[in-house]
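Colleague: The primary structure of each chain is shown beneath.
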Amino acid sequence: METGRAVRIKSKNRVVVPRPSRRRFYGHGIPRVDVEKLAGKLIVVEGADGSGRSTQIARLVEWLEGCGHATVQVGLKRSTLVSEELEQAQNGNILSRTTLSLFYATDFADQLENIILPALKAGFIVLADRYIYTLMARDMVRGMDEAWLKNIYGIAPVPDAVFYLNVSPEELVQRNFAKNAALDYWESGMDLGLSRDLFDSFVKYQTAVQKVFKRLQATYGFTIVNGNRSVEAVNQELKKKTSSVLAGR
Amino acid sequence: MLKTFAELKFPGRLIAVEGLDGSGKSTQIYLLKRWLQVQGLKVYFSEWNSSELVKAATSKGKKRELLTPTTFSLIHATDFADRYERHLAPLLRAGYLVLCDRYIFTAFARDVVRGCPHEWVRGIYDFAALPDLTFFFKADLEISLQRILDGRPQLKYFEAGLDLRLSTDPYESFRIFQGQILEQYLALSTEFNFLVVDANRLVEAQQSVVRELIAQRIDLAQFKRNESHGVAEPAIRNSLWKQAEPYE
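Residue numbers (the working numbering), protein chains in the order written: chain R, 1 to 249; chain E, 1 to 248.
If you're looking for bench data, these hints aren't it; they were derived computationally from the structure.
Please note that a few of the clues may not be correct.
Derived EDC-like pairs (lysine to aspartate or glutamate); straight-line CA-CA distance at most 20 Å [claimed, not checked]: (1) E:K3 with R:D145; (2) E:K156 with E:E172; (3) E:K63 with E:D163; (4) R:K150 with E:E119; (5) E:K63 with R:E84; (6) R:K150 with E:D126; (7) E:K55 with R:E84; (8) E:K60 with R:D145; (9) E:K55 with R:E87; (10) E:K9 with E:E65; (11) E:K62 with R:E84; (12) E:K60 with R:E84.
Please read these numbers as outputs of a predicted model, since none were measured by experiment.
Required output: the full structure, derived from the provided sequences and hints.
Modeller: In structure tokens form, the structure reads like this:
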């Protein structure tokens, strides 16, 4: 390796250096974190179970790393601090709503401080499989106060892009059955007592969540992606939009 | 929320005690509980950071020093919410006298000292009503420190506030940390009308003041237990003497 002289890079080897973004927090942020130093990019994929989030994220990671970008993935209920306990408590269905909500907030904050912020500082592209919007939407469907939630999640940095994979509840049912032959208790909102029938409850609950997402969209301005299409079609759109983000557009 | 349970028309009443580690407040609330039980009243006692559900996560976080000011604050709020929704609020609806060893003011003081924004912390606890009476056990900083440090040569990471990098010496760090918490308490005392008890006095002298103030402000006869309902816990427990410990 020569020193003191710049290496000439052929264009096919050139890795696009992302344009810096103007970073800010939604609210108070995190004590003693300098927002200016969060040089990486934060890309969020939102959507219900069966909307294709994990497939799309896996493909984005493939593609981004192929392009020379370092990536890291985060998601809900994956923190070292509380994920096990949260899972346990949820299985017993013994938490009341404020407790459950704060438990999830703790899980999010732990990953935020131990993964998201350090990774952004190190210039990584962080791919979040769901973010504060799902957490807020779930609670809002359960009647919790929006202002209370906004205050708590004021700790979150504003992402560079949020893609909401919008899939109709009927299509979601089909995809969930194709995958697991079952609907998840929580994803069906069974705790809400909308219907004793799991299928009915799932459709009603997902419809309600989508309504809240539309409302949140007005505030948070995320990109709604039509997720009823093929994996490939959705992926093309996400890649195109992600390229724009990296180019600072 | 900024309303007391009485203002919200709950039939029960909540009495909270606050103060620094080593101020003697746990002894005082224990004696208070005994006094109320002996009178045959419906009493429930709840301690800060005691929810079974959240305990495993909190102690893991503390042992591995995983907690940041934000997660520290949120995990204690989770613990509080669990106790609030599961025990405190329903019991107050059922007309109980609920005694709390530490309440939301502990978070207001400590989390802010740890660097969390004041409005953020207040906002989180907005779902909780205010106590009907809050006793603040005000001891000289040196006396509280001595009570803790006498019995416990080993201070743990978070209880000493070592995460705040106030000093590398745990004892010095603990002193500074407690001093800052005391300042917060004094401000809260005015804002929330704490009943201030001089915690430098003898146990009995303080207890007399507490009992007198409660008898003046709460019509205790309303809280009589229906004898046919039985007693939830044994009336006599030998748990009064305990070396003062810092809360985590």
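Colleague: The structure should be examined with respect to each hint, and the outcome stated for every one.
Modeller: Comparing the hints with the structure gives:
With a C-alpha separation of about 17 Å, the suggested pair K3 (chain E) and D145 (chain R) falls inside the 20 Å cut-off, and the hint holds. In summary, the hint linking K156 (chain E) to E172 (chain E) is supported, as the alpha carbons are separated by about 13 Å, within the 20 Å threshold. Taking the CA atoms of K63 (chain E) and D163 (chain E), the gap is about 13 Å. The hint holds against a cut of 20 Å. Proximity of K150 (chain R) to E119 (chain E) is assessed by CA-CA distance (about 12 Å); at most 20 Å being required, the pair is judged to hold.
The hinted pair formed by K63 (chain E) and E84 (chain R) meets the criterion: a straight-line CA distance of about 16 Å does not exceed 20 Å. Using a Cα cut-off of 20 Å, the hinted pair K150 (chain R) and D126 (chain E) holds, with the two alpha carbons roughly 13 Å apart. Taking the CA atoms of K55 (chain E) and E84 (chain R), the gap is about 12 Å. The hint holds against a cut of 20 Å. Proximity of K60 (chain E) to D145 (chain R) is assessed by CA-CA distance (about 30 Å); at most 20 Å being required, the pair is judged violated.
Taking the CA atoms of K55 (chain E) and E87 (chain R), the gap is near 14 Å; set against the 20 Å cutoff, the hint holds. The suggested pairing of K9 (chain E) with E65 (chain E) is violated, with an alpha-carbon distance near 42 Å, which exceeds 20 Å. Taking the CA atoms of K62 (chain E) and E84 (chain R), the gap is near 16 Å; set against the 20 Å cutoff, the hint holds. For the proposed pair K60 (chain E) and E84 (chain R), the alpha carbon gap of about 11 Å is at most 20 Å, so the pair holds.
Violation of the numbered hints given earlier is confined to hints 8, 10; the remaining hints are satisfied by the structure.
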